[in-house]
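A.B. asks: Take a look at the letters that make up each chain.
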Amino acid sequence: MRFWLQHLPVLPVLIPLLTSALMLLTRDSQRRLRVILGAGALGLMALTALMLVRATQGIGAPRWPDDIGVYLLGNWPAPFGIVLVADRLSALMLGLTAVLGLCAWIYATARWDRAGSHFHPLFLLIMMGLNGAFLAGDLFNLFVFFEILLTASYGLMLHGSGKRRVGAALHYIAVNLIASFLLLVAIALIYGLTGTLNLADLAVRALALRGADRQLFDSAAAILGVAFLIKAAAWPLNFWLPNTYSEASAPVAALFAIMTKVGIYALLRIGSLLLPAGAPAAFGGAWMFPAGIATLAFGTLGMLASTQARRIAAYAIITSSGTLFAALGMPGATLTGPALYYLLSSVLALGALFLLLELTERSQSFGANMLAITQEAFENDDPDAADLSGQAVGVPLPATMAFLGLSFFACALLIIGLPPLSGFVAKFSLLSAALRTAEYGAPTVNVWLLVGAMLFSGVAGLIALGRCGVRLFWVPEDLHVPALRLNEAIPILVLLSACVLLTARAGSVMAYLEDTAWYLDQPDRYIEAVLGQDQHDFPAPAPGSGGPR
Amino acid sequence: MKRLFRALPLACLLLILWLVLNDSLSADHLILGTAIALTLALLTPILRPVRARLSHPLTAMRLAGHVAADIARSNRDVGRIILRGRRADTRPGLLDIPLRIRDPHGLAALACIITFTPGTVWAGHDPVSNVLTLHVLDLSNPDGLTRMIQDRYERPLMEIFE
Amino acid sequence: MSATILYWAGGFALLCFSLGLGCAAIRLIRGPGAEDRVLALDTLYINGMLILLVLGLRFEAGLYFDVALLIALFGFVGSSALAKFLLRGEVIEP
Amino acid sequence: MEWILALAIGVLAGSGVWLLLRPRTFQFIMGLALLGYAVNLFIFAMGRLRVDAPPVIDPAWADPASYADPLPQALVLTAIVIGFATTALFLVVLLASRGMSDTDHVDGEEHRA
Amino acid sequence: MTDLPLWAAVPAALLLVLAGLVTLIGSLGLLRLRSFRERMHAPTMGMTMGTFCVALAATLIASLLQHRPIVHEWLICLFLFMTAPVTAILLMQSARRRQRGGPDTPAKAE
Amino acid sequence: MLLTLILAIPFAGSLCASLLPATARRAGAWLAGGSALTCLVLTLWLTPEIATSGIIKLRLPWIPTLGVDLTLRMDGYAWLFSVIISAMGALIALYAHYYLSAQDPVPRFFAFLLSFMGAMLGVVLAGNLIQLLVFWELTSLSSFMLIGYWHHRMDARRGARMALIVTGTGGFCLLASMLIIGHIVGSYDLDAVLAAATAIRGHRWYPILLVLLALGALTKSAQFPFHFWLPNAMAAPTPVSAYLHSATMVKAGVFLLARFWPIFSGTDWWTWIIGGAGLCSLLLGAYAATFQRDMKGVLAYSTISHLGLITLLLGMNSRLALVAAVFHIINHATFKASLFMAAGIVDHESGTRDLTRLSGLRTLMPLTATLAMVSAAAMAGVPLLNGFISKEMFFAETVFVTGHWASRWGLPLAAVVAGALSVAYSLRFILQVFFGPPATDLPRTPHDPPRMMLIPCAVLVLFCLAVGILPGLFLQPVLTMVMRALLGNNVPAYDLQVWHGLNLPLLMSLAAMIAGIGLYLGLRAHDRRVPGQVPLIYRLDGRQTFETLLEAIDAGSARLLSWLQTQRLQPQVFLLVLATGSVTLLPLLPGGWWPRVTLTTPAQWSFGLIWLAGGACALAAAYQAKYHRAASLMLAGAAGLATCLTFAWLSAPDLALTQLTVEVVTTVLILLGLRWLPPRIEEFPGPTPGTTRWRRRRDFLAAASTGALMAVLAYVMMTRPPAHDSIAAYFVQQAWPLGGGANVVNVILVDFRAFDTFGEITVLGVVALSVYALLRRFRPPAETIAAPLRHRGGMPATFEEPDLQAPLPDGTLRVPAVLVRLLLPVSTLISLYFLLRGHNLPGGGFIGGLIMATGIILQYMVGGILWVEARPLIRPQAWIALGLLVAGAAAMAVWWAGKPLLASHTLDLALPLVGTLHLSSALLFDVGVYMLVVGATILMIIALAHQSLRLHRKLVEAATPALTERGP
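Note that the protein sequences, when read in sequence, are chains Z, A, W, U, X and Y. Note that our numbering has the first sequence beginning at 8, numbered continuously upward. Note that our numbering has the second sequence beginning at 2, numbered continuously upward. Note that our numbering has the third sequence beginning at -15, numbered continuously upward. Note that our numbering has the fourth sequence beginning at 16, numbered continuously upward. Note that our numbering has the fifth sequence beginning at 5, numbered continuously upward. Note that our numbering has the sixth sequence beginning at 478, numbered continuously upward.
Everything labelled a hint here was simulated from the structure, so no lab data went into it. Do not take every clue at face value.
If the Cβ cut is set under 8 Å, some of the chain A residues that face chain Y in the computed set are [unchecked claim]:
no.	residue
1	LEU15
2	LEU18
3	LEU41
4	ALA42
5	ILE47
6	PRO50
7	VAL51
8	HIS106
9	ALA109
10	ALA112
Here are the computed distance ranges between Cβ atoms for each label pair [as the list claims (entries may be wrong)]:
no.	chain 1	residue 1	chain 2	residue 2	range
11	U	ASP73	W	MET(-15)	26 to 32 Å
12	Z	TRP455	Y	ILE1014	45 to 51 Å
13	Z	ILE497	Y	ARG1170	40 to 46 Å
14	Z	ALA293	Y	ARG1174	53 to 59 Å
15	Y	TYR1104	X	GLN70	52 to 58 Å
16	Z	ILE497	Y	TRP627	39 to 45 Å
17	X	TRP11	A	LEU43	43 to 49 Å
18	Z	ARG512	Y	PRO1155	56 to 62 Å
19	Z	ASP220	Y	ALA672	54 to 60 Å
20	A	ALA70	X	GLN70	26 to 32 Å
Please read all numbers here as calculations on a predicted model, not as lab measurements. A virtual CB, placed ideally from N, CA and C, is assigned to each residue, including glycine.
Please construct the entire structure, taking both the sequences and the accompanying hints into account.
C.D. replies: Structure, rendered in structure tokens:
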């Protein structure tokens, strides 16, 4: 156990990677084996994430100085080699990813994993990309993990194929490819100016930049910011999102709920580290707030204007991004904790909503819709996948409609921010923190703008989701009770219970997040932990043959 | 064992290639090179069912000399034609040459030689009638060219490959 | 002395090769036929390879040789794929 | 040399961006390719230009000043491979889109004025 | 390169100059010749003479500098020799086929 | 503890009810009634404690960092409401049991009802503002569910949604106001807030705070101008209307106003906003009620009116008015609920609620008629009923208003008018339904309902009578307790009596009564002419306005959205370019960054020429990409070659090698795709449309500026001295001593930054898998199947199975095949050469892998897919997997030496003959890279190439419909 613990920060990357490699050795038709492997890997990842969350709190087995786990890959000291850093924020995001991923995956095993090849490896690899991006302590490594998660997301986005999906994916890929170029250019510029790629080292060196160097650095940071803002879906760079998210297959869309948050994570992380040197405009500086308000307004507008449930959900993602930007763009770290709470709640809720909507759509007119989906998804030239359409029907569970209705209701509450679930707590805590910043010299106009925009988005959500829910559950005369599988219902239940848990334990969760925010406001600890990390010399369990280096 | 034996020429070739590439005759390269060359030579027939049989190395050397000389000469000719540009009264055209050589490797070698010589390009080969079509930049002396290819190239190639 | 001679000779050769590269590029741009372009691309590769060889001579570095070797070995792949595309309509047939 | 390379980067990037703004999928993918060259050269240029100083060191003489900066090169290598991969993927997606929508417009439908 | 004796440097330099000229003429042919089939012949000059001369010069210089025969430049010639017909044959075929179709063949839909 | 129980029991009951089977009618009713009764008993149990100590409080921590706790707090005021809620709940449960029909899912109804009850109790018991808000919104939500209970009816859906949106929006405003209060006070605790009254009133945010609070309260209480949802909420089952929309939920708004009365009242703002809204609702509601056609419509508008009365009283800034308001809350709850029940009974029994159809029911259902008449009399303010007393108090308050003459005269006048109207609609309600000739065209013949259904109604009527006759006895102590809770020790002296002597209020009452009767008689003609139409303001249909507004919002937002976003890619890319360009320029605007000292490498002619050609090719590629795809591809290839030469020239041999091989593979890849693209014949040269020209110009400008920006940035950076302590120096210095390799780039790739490489090969693998997965579902474009292939480059129109045994292909490919097959071992050898030497000289896994892959692709090119795949060669997928696993194993092997992942580890094996053999984990890692690159590249290319097979199969199928089995 101790042996594994010392490698804890790298496990969230390694587990999915190796498991997916193992899966590739099996055939696509050996689905059961792949499912078993996937279950094992995702379970292990969840366990690892849990342990990381505990470790970064100072509880549990691996004890790290300052509760920040630094893993030197290749045993090269910090600014030179690549480091993985597990601090509270990373651990939090890892935990969230694990929960969401597990749920989406379980859901997919009911049906969707047979709608095309290689669902399981791709799913694990996107998890790997997400985990890596949350752990990366190196700018270029962050880019690499972004690429992994993006390419895997392209694959998953295309999973199931079909005209509209491919069309949406084309745009998604096109925009993200350009964003990747921007990322590369920015990283290159930053390296050219500072001579480092390590984030902690960069934070130190950015302090010393003066004059023209600083100007160029700000330019580079601006490009970097644009790249992250694209991924985080800031207006006007987010037009790809509604189509993409509403056309993706349900489990994929659910997992995508966290994709925009990766961009936000990157902005938050880099912004926090560059804070002492003066955060550049996109990283919590001048534009983040206006971008957030614009995005929030745009998402709200989109929710109002959409009639289709999935599109509403997609715009809800934009709204949540906008809220986060605006919150993180307010001065000081007062809003960071509540913003993180909001992030947790909205990711879980939106994930659940995407899963749910597919089931709901299935109830609309069973014959036509289901058949269309099935044909679209399972039309395949290879004979071993051809006759799956028959199996795709589950067993009608009791009280299916009540379950769906209540779940939808709960999701709607979470997204709108109505009591009693965590959406409300998030909204309330954000707003109360926003008002508090007014005391610390934030422009009052901004405070009111934020409060107003958030409340208005709540109202808009109420209108949109109300209409949508009424249409889905109340209007149709011939609501067909969909055949639901247990592994389609359980993930939704788990996600929503997670939200309930967030609500019930709001006190302790909020305390944890406030601590996280506090750590983010003090980048010195992070920097010291990374740059001060000695080369590892783990106690070997068995005498190794030959001398290491 | 027979396979091994049949793979030997190719293996030797590959080993030489390896050594030239690494520019070294040290023991480790020899061993590594032999291993790699043998493995590759043993695996190659999977995708290369037709094997070349080589003989008469001396003829081959002589042929190489001829080819080098012809290349140099035709370089000069073609260069002149290019430099003269539109004033040059060249008559480009196609030329059919009946062949006797059948071995695919021999034909391939002939193709290499013809293509590698400026002024002539392989323009087609009819396997049934075994007629080679050439495109020639300056077709002032078709018979001479036909003879040259048949005597200077085809015959030695037949000696080598058949 | 010999270094100077070689330097200038190398420079001259480089210039010639680059000019040749330019000629090929003009043909590549002007066309008119697709075959012309393929041919020009092939020439471009050859000229590039020669440039690398001369650079290798100038800098006395074997590293350039590798690139040239690779061009010699695989420079034709692109152009022959193109040629096959022109000839048969697809590069890899059933 | 610097200005030549800078101009080259500019021309490549300009052509690439122009193509990215065009309506056909093939134009887009060519734009990606050209922009990819530009970006790779740009990253490479961040290590500053060195002639005849490949970072293949003489073990006895490992003075950083006498070798080109190896790190941007490593980054470009990664970028080239990732660029290749994404180009391939985009190509296949555009083919799929073409197969399903019967058009090669980037929006999957023709916009007629 | 200063160690190189003059008797070797001069021929090597001449070889280089020759290579340059030949290759340039070959490439020029690409522009000056009238039809595609004629143009087919031109680049071969660079491929053959140009490469030969450069390889020869390289071998000369490298062998003298390192005091042992260095032959790996000839691999390049070998590979060129081996691969040259592939493109040429395909290209010629393509050009012939198109010509057979007549000048009014619709433009290729590449 | 008891407080928790009071709050928990309804929710627990709700949960139980929701778990009951849909047919458990009786159990549901018992559950609901039982829960409500228990709550009532518990509340009453607490009475002595409330009476003596004033407040009972219970605090459970929830989110301490935000100052939000679960605080249950019961004082006299809350007690009063708890009693109303639970008592009414019990009565309604009984009533509903008889009201609901057999088809309805009854347990669900009770589940919602109970959850509403719990929420409502939560509102009144909340000791924390945020907690109050939570329950406040819960009442809205459960009201939504209850209104939409019969969701198959459109009016129910609409009404439910309207109520939800209006009250929900109000809730958000309330949230904002609570936040501001919390901000001002520094706590959300109710007691703390009540103690900070002066601070709140004096704060500069007070006006906005008040507006927000009023929005919350007025929407909830259906006050003007948000009153319209209440009549539409009448689509709910009548028990719901009786319970939520008359007795309890709509009272939440006035509950809140009264609760905060000590804090907020006493300012002009308060008077104008609250009083004004109350006055408007009072008059408007009464006026509209007079003309309604629907029985429940009358009651709904009268509810608005009565709530307006209460609100007006609250807005009067007088403590006595507050007393009157609270008193009227109680009274209104009783008589209105009983009226609703009566209306529900009539509806239930006769099948309609239409006042124009109903008539003369007095004889058919005498008991109901009696009860309804008494309640209606209470509503009209007839003496000896409770409505009279509260109305007298109201009149008295209006008389004592001071200030502006308009309010001095206007308010009493308005009061009389409202009184007259209430008399009129009460009369109309009773006379139309129960008097007159017996109706004949009713859907059902009505008769009195079962006794048990009448009991709730009767209980309430009895209460009306009791209070009306002996108010002092029944309500004086309660009211005092309530007032103490609200006002502390400032409770004004008041006297609840039926007879105060002949005074102005009594005269006003009389006037109202007479005017009301007259009004009723006068309006009968109008009523017969246009039944149900409200004169003068019928155009101001709240529902219509609301729906129009919603639609306008939808349409407007859709339009705005279409203006603010685009579904097309080109504008998106343009925006992206624009955004990036401008933000990059922004920090550079001040200038001062142009290099002064330039450290240039001397320019070379040849290099310039290379880029002259390369740049021209790039431009030409851009120009040709539309119509001459293959040409464009070649031109881009030329630019790629120039890039490759640049890398080589500028000391990056590894890059040159990689660029070259990637170039080759990419060309093949794109060529494979080209065949699936539609033919594009150059369009007929005609005038280009102006927009297109403009767009092209704009795009050109964007492209040119981007290029210029990149060029400038690159130039500035290149001429800038390198960062003085770049980490690159470490790599150069340590590559040999610590990394064991001379090629620093490779050492970085496989050792210093091997993790990046690991990630990068994963990307490659992922892409290969995605490509494969997508292509499995590839659909060839329609016209490639439709049009014969001859037109596309002379492929055979029919599919001939290639001869898999033929040693060499026939025809043109024969000679190339011989050569290319000979090349395979050579290229494999060279790939291994580049792989193995990578650590010390340019090369490595990537380059090696790509060379190997190219060699194999060549075989496919000359041999054809089927021929090659008939021979066991390679399983790309397995190579990808093995590549990842080998790299992973190389990375993890050092774990057992106690080192972190990817630390390099060398194993020196002493072998005979050879000497020592270095086996480094870095080399193993590179082997993994090699395998993966081979696998991924091949998988992609081959997957793409396989589409031709698919097309051929389709062609064969199309040609021979009978033969539809799949090929091998």
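A.B. asks: List in ascending order the numbers of the hints, as given earlier, that are violated by the structure.
C.D. replies: Of the numbered hints given earlier, those the structure breaks are 12, 13, 14 and 16, listed in rising order.
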